[in-house]
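Please work from the sequences and hints to get the whole structure.
Protein chains: 2
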Amino acid sequence: MPTSTVPRSSLALRRIALFEGLADTCLERLAGECDWRTVDARTPVFTRNSDGGEVFFLVAGRARITTYSPQGREVSFRDCEAGEHFGDLSAIDDAPRSADVVTLESSVLASLRPQAFIALLQREPMVAMRILRDLAAKVRGLTERVIELSTLGVQTRLHAELLRLAHAAGVSDNQARIDPAPPHAALASKISTNREQVTRELNALAKSGLLRKDGAHALVVTDVRRLDTLVADVRGA
Amino acid sequence: MPTSTVPRSSLALRRIALFEGLADTCLERLAGECDWRTVDARTPVFTRNSDGGEVFFLVAGRARITTYSPQGREVSFRDCEAGEHFGDLSAIDDAPRSADVVTLESSVLASLRPQAFIALLQREPMVAMRILRDLAAKVRGLTERVIELSTLGVQTRLHAELLRLAHAAGVSDNQARIDPAPPHAALASKISTNREQVTRELNALAKSGLLRKDGAHALVVTDVRRLDTLVADVRGA
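Taken in sequence, the protein lines are chains Y and L.
The first sequence: position 154 = 154 (full-length UniProt numbering), numbered continuously.
The second sequence: position 13 = 13 (full-length UniProt numbering), numbered continuously.
Treat the hints with care, as some may be off.
What the hints assert, rightly or not - Which chain Y residues face chain L? A few, computed with CB under 8 Å, are given here:
1) R73
2) M126
3) V127
4) A137
5) L149
Unchecked claim - Computed footprint of chain Y on chain L, listed as stretches where at least three residues anywhere in the stretch have a Cβ under 8 Å from a Cβ of chain Y:
6) 72 to 80
7) 94 to 105
8) 121 to 128
9) 145 to 151
10) 222 to 228
These are calculated hints, taken from the structure and not from any lab test.
The structure displayed is predicted, hence computed values, not measured ones.
Quick reminder that beta carbons are idealized off the backbone N, C-alpha and C, glycines included.
Laid out in structure tokens, this is it:
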């Protein structure tokens, strides 16, 4: 990847949620152990099935964890914001990468070799506990997605995804403003369908008054409770 | 659940893979901390969305981790054999159960309260490392399943599942004997389709000579390499 090195900084590592509460001496040691680089937007950090077990800390910028089928269909998993980490699976089990990671913006990355990462987990039980909770959350999220893909139709999967985005954006007075709203193609790869079907379902929601465009980039869910009911009725939750 | 208590036994905990290599004193302490019970076949151990964070060690028997959609459709995750553990997600993140667990045979279960489980992880880094690897494996398995559900048709998903079963059963001379083969309904819930479609695809494979029934319960994959090629061609792997 086209990169330039950046100065090592324990201060920058303070921004990483995984390291919250660590002592200065510990962060200084980590800053020295990490490789540091800036990466342009739209640069692959690593690709699915490749070797390498470095753990990456996103000091600044944004990255997408995703993969592509041989037919070119994208299956996206999550977007990493500054302060998050990725790449720990391969450090833990020494197996190839499970997904592609690509930067969405120009980003600053610190990366730790797998041995140094495992040593950190053994030195700092607090960090190990966070990794356990983080993996547990991933198992839960993927389990939900398998259940949704197995039992819900495209329409309800889109409603469920909009509901997640609404709650992530913050609900106030039963409304939520998703800004920026993901492009239709990104929504499609998140719920495993095609862009056309997303566009059709979003238009149907707009027509029913549940969704409203706001400027070029934002979507407003006008009745979060009603959307919640739509999903709950199908799910039986 | 209908249960009867069984004697506490550190010897029985020796059968649990998670505890391999632990000192006798450590196992004796754990045996004392655990609740012990025998459970009949087809008994629910816990249900999705219920509270409770005990971690279960399957000393003897077999259990299925599964869930049901409101429409009654089963989505199954894995079968636990004697020596395995389950229920650790809720112990780690204090959230409700992510799936149902039901015994398939009469089983002996030891269970540890969440606080005692977390204390064990902090006392025994080897056990913590195994839980990390186990969660990483679950994230990988579920990621594959999401990718398969999102990008592969039912036919290829069935081929991929048969290939997994063949490799788990052991391949010798390019053949694998899956015994007992899962019922068609169980295969269907594993690859998120219906029983009729599984039956149709299995018949097609038998007709092509790739699969052969052997007695009442076994299936023989007659050409594992050809099955592998079928899946790889679609996956592009």
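- Query: Three or more residues of the segment 222 to 228 of chain L near chain Y by CB distance under 8 Å?
  - Reply: violated (count 0)
- Are there at least three residues in the segment 72 to 80 of chain L whose beta carbon sits under 8 Å from a beta carbon of chain Y? holds (count 3)
- Query: Going by Cβ atoms only, is V127 (chain Y) closer than 8 Å to chain L?
  - Reply: violated (12 Å)
- Item | Three-residue Cβ test at 8 Å for the coverage of the segment 121 to 128 of chain L by chain Y | Coverage by chain Y holds here, the residue count being 4 at a Cβ distance below 8 Å.
- Hint validity - A137 (chain Y) Cβ closer than 8 Å to any chain L Cβ: This hint holds: A137 (chain Y) lies near chain L, its Cβ roughly 7 Å from the closest one there, short of 8 Å.
- For the segment 94 to 105 of chain L, does the count of residues with a C-beta closer than 8 Å to a C-beta of chain Y reach 3? Holds: 3 residues of the segment 94 to 105 of chain L have a Cβ under 8 Å from chain Y.
- Message: For the restraint on M126 (chain Y), tell me whether the closest CB of chain L is nearer than 8 Å.
- Response: Where the cut-off is 8 Å and the nearest Cβ of chain L is about 10 Å from M126 (chain Y), the hint is violated.
- Task: Answer holds if the nearest beta-carbon of chain L is closer than 8 Å to that of R73 (chain Y); otherwise answer violated.
- Result: holds (5 Å)
- Query: Checking C-beta pairs, does the segment 145 to 151 of chain L have three or more residues closer than 8 Å to chain Y?
  - Reply: Holds, because 6 residues of the segment 145 to 151 of chain L bring their Cβ atoms closer than 8 Å to Cβ atoms of chain Y.
- Cut-off 8 Å, beta-carbon criterion: hint that L149 (chain Y) touches chain L: For L149 (chain Y), the interface hint holds, since the closest Cβ of chain L sits about 4 Å away, which is under 8 Å.
Checked against the numbered hints listed earlier, the structure breaks hints 2, 3 and 10; every other hint is satisfied.
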